[in-house]
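K.L.:
These are the residues of each chain, in order.
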Amino acid sequence: MSLALIQQDFCAWLARSDADAAGRIGKGAGRGLAIYQNNYRAQLVACLTEAYERVHAWIGEDAFLAAAAAHIDATPPTHWTLDAYPAGFVATLAALYPDDPDIGELAWLDQALAQAFVAADADPVGLDGLGAVDWDEAVLRFSPSLLARDIRTNAAAIWSALSESGTPPAAALLDEPATLLVWRLDHVSCFRTADRREARLLDAARAGERFGALCALFADELGVEDSATEAGRLLGQWLADGLIVRVDGGRSIR
Amino acid sequence: MPDPLFGLGLRKDHYRDFLETDVPVDFVEVISENFMIDGGRPRAILRQVRERHPVALHGVSMSIGSADGLDRAYLHRLKALADEIDPLFVSDHLSWSRFRGFSSHDLLPLPYTRETLDLVCANIAVAQDVLGRAMLVENPSSYVTFGRSTMTEWEFLDAMCARSGCGLLLDINNIFVSATNHGFDPVAYIDAVPADRVRQVHLAGHSQGRDMLIDTHDQPVPPPVWALYAHAMTRLGPVATMIERDDAIPPLGHLLAELDQARAIGSPDRMAA
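Top line first, the protein sequences correspond to chains X and S. Take the first sequence: its position 246, counted from the start at 1, is 246 in the numbering used here, and no numbers get skipped. Numbering-wise, the numbering used here comes out as the position in the second sequence, counting from 1, plus 1000.
Keep in mind the hints are simulated off the structure, nothing from the lab. Just to be clear, a hint being listed does not mean it is correct.
Said to hold, decoys possible - Per the computed footprint, the stretches of chain X lying under chain S, defined by three or more beta-carbons under 8 angstroms from a beta-carbon of chain S, are: (1) 9-16; (2) 56-67; (3) 103-113; (4) 229-237.
What the hints assert, rightly or not - Calculated lysine to any residue pairs in the SDA-like style (CA-CA distance at most 20 angstroms, straight line): (5) X:27 to S:1149; (6) S:1012 to S:1034; (7) S:1012 to X:53; (8) X:27 to S:1037; (9) S:1012 to X:115; (10) S:1012 to S:1068; (11) S:1079 to S:1146; (12) S:1079 to S:1131.
Predicted, not measured: the structure shown is a model, and the values here were computed from it. Using N, Cα and C, we set each Cβ at its ideal position, and we do this for glycine too.
Extracted from the complex, chain X is given alone in its bound form:
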């Protein structure tokens, strides 16, 4: 039996409890194989529990462990780093709880904050030098840690309450759909919600649209002057949040 076949059988035992595969590994190996399988599953459960602390608190131990077991059975790990494993759990939770979108959104927030925490470094631009920018031609470059997702529920409020050991509000749909923004500033992951108008401007800005064009994005809705004022206001908010790490076009500002 080649080493490749042994490893194939070992994988089948760990991922699917394939008894025939276990039998081929060796006589009397059962007790040891049980230890390896327990280690495999316990480590993945611990990984998901640590990564989804608020989801765990929100849906409770039993429901969380059942969801974790379903995920581990359906989605064996494939990446060299265990840190990559939790990402797929968002989709599993959304599928398990199709009528509770708060759970999937809460999971996304847990995961996005973890991803932002180890995203590539990039210092936000300061205010110095911004006066010399040709804003018509300027293209904004955002933090590599920035993640965004549309949400329908009050998952952000639930997350905050759970993190502060407070009583979370009941799950509810938002009056207006919003976008959740997650990024890292000074080594700390943070988030806030953005309304539909900000999300639309942010999408256009992240796609590389010139700031001059961004200023006209809401012209049909607000008029030319107020559209530019709104774009300027949101630019100020993004600068204050530390979301912008470079301004290109004409003269680059870092």
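We have chain X; now place chain S onto it with these hints.
P.N.:
Below, chain S without anything else, positioned relative to chain X:
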């Protein structure tokens, strides 16, 4: 400057201690994968700690024994980290964790055969070539042996070092755990490993499972492991030694007290006395 001799694993619980105080260690060891990330606080902390202490990079995911070869993307990430940190050692385990897209995230056992030796040495050669430096390979703890093995673990280590040029990271606790689980003599193991290849030693604790000892790293180093360490030091001479604690992390002072115990056994002046 003498070689760094006594170190601890750098764990999150002790980041503040290492950043704000002068911790009396000769080096620290980190889990490589925890820092093979794009950026953020962990990398910043590692850079700060590196300014004070030599750092050993200890990996758990190279999967040296994978029958389908090594993950090149992994190796290049590790190389980038090593190039930045200029580590004291780069090590991983004589085990496998990944095969055909499945990653167990555990240190799985290998049969000790000629086929495995050929494969492991080929994989080590690839790793050392990409990294541009010699590696240390650690003996695993195990819960399964293979009837098809044609050599003992220590014979395998000897042949692996001779052929690949790698060094050894000898984990004394792993020897004790495997010897207890599989019924071999741990002293005979230590007496047979190629002493001149041992560059680093790990000391750790374990737990009693239902049927076997489990390599949990969540306990202090127990008396039988200290006794084996003392025996090993008579053969190996002064060698970099670290306390490896990965779970149920105690206050740093507890680990420093254990490190003092290691110094009392393995310091060059003690050994010369």
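K.L.:
Taking the hints in turn, state whether each one holds.
P.N.:
Status of the hints after comparison with the structure:
{"no.": "1", "hint": "9-16", "result": "holds (count 4)"}
{"no.": "2", "hint": "56-67", "result": "violated (count 0)"}
{"no.": "3", "hint": "103-113", "result": "violated (count 0)"}
{"no.": "4", "hint": "229-237", "result": "violated (count 0)"}
{"no.": "5", "hint": "X:27 to S:1149", "result": "holds (13 angstroms)"}
{"no.": "6", "hint": "S:1012 to S:1034", "result": "holds (10 angstroms)"}
{"no.": "7", "hint": "S:1012 to X:53", "result": "holds (18 angstroms)"}
{"no.": "8", "hint": "X:27 to S:1037", "result": "violated (41 angstroms)"}
{"no.": "9", "hint": "S:1012 to X:115", "result": "holds (18 angstroms)"}
{"no.": "10", "hint": "S:1012 to S:1068", "result": "violated (34 angstroms)"}
{"no.": "11", "hint": "S:1079 to S:1146", "result": "violated (33 angstroms)"}
{"no.": "12", "hint": "S:1079 to S:1131", "result": "holds (5 angstroms)"}
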